[in-house]
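*Asks:* Sequence:
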Amino acid sequence: MTKKSVARVTIVGEEYTIRSDATAEYTEAVAAYVDRAIRRVLDSGIVVESQRAAILAALEITDELFQARAARRDLADAMRGLSGDIRRMLPPKKRDSGLGARGG
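When the count follows my numbering, it moves up by one through the sequence shown with no breaks and lands on 129 for the last residue.
The hints are simulated quantities; they were obtained by calculation from the structure and are not laboratory data.
Yeah, the Cβ is synthetic: ideal placement off N, Cα and C, and Gly gets one too.
Heads up, some of the hints might be wrong.
Using C-beta positions, here's what the derived DEER-type ranges look like [stated by the list, open to error]:
hint : residue 1 : residue 2 : range
1    : G70       : M104      : 38 to 46 Å
2    : Y58       : V31       : 13 to 21 Å
3    : T42       : G70       : 43 to 51 Å
4    : D110      : T42       : 20 to 28 Å
5    : R98       : R33       : 34 to 42 Å
6    : M104      : T27       : 28 to 36 Å
7    : T42       : D88       : 26 to 34 Å
With these hints in hand, go ahead and build the complete structure from the sequences.
*Replies:* Rendered as structure tokens:
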């Protein structure tokens, strides 16, 4: 069983004690990111209630996550394509060695 770390963080003026498998420093960085996202929404003047701002910030952060995942998939697809292109350029005896032998 891994030891949980404890971090005390402040998000939009509210203090939270968070227990996590991650390091306290990581948890603090995540909390700071969330705090900045909520404050950006509040500073925009779109909403004034912190609960609504938190929901809008969560939507923005989730959008960032989805975009990063899509970019990762696109990069992996491009790498597979390049790998296939390079494999075709190799002499026939070399095509099935190394990465090609694993089907990768």
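*Asks:* For each hint, tell me whether it holds in the structure or not.
*Replies:* Hint check results:
no. : hint                   : result
1   : G70 - M104: 38 to 46 Å : holds, 43 Å
2   : Y58 - V31: 13 to 21 Å  : holds, 19 Å
3   : T42 - G70: 43 to 51 Å  : violated, 31 Å
4   : D110 - T42: 20 to 28 Å : violated, 53 Å
5   : R98 - R33: 34 to 42 Å  : holds, 37 Å
6   : M104 - T27: 28 to 36 Å : holds, 33 Å
7   : T42 - D88: 26 to 34 Å  : holds, 29 Å
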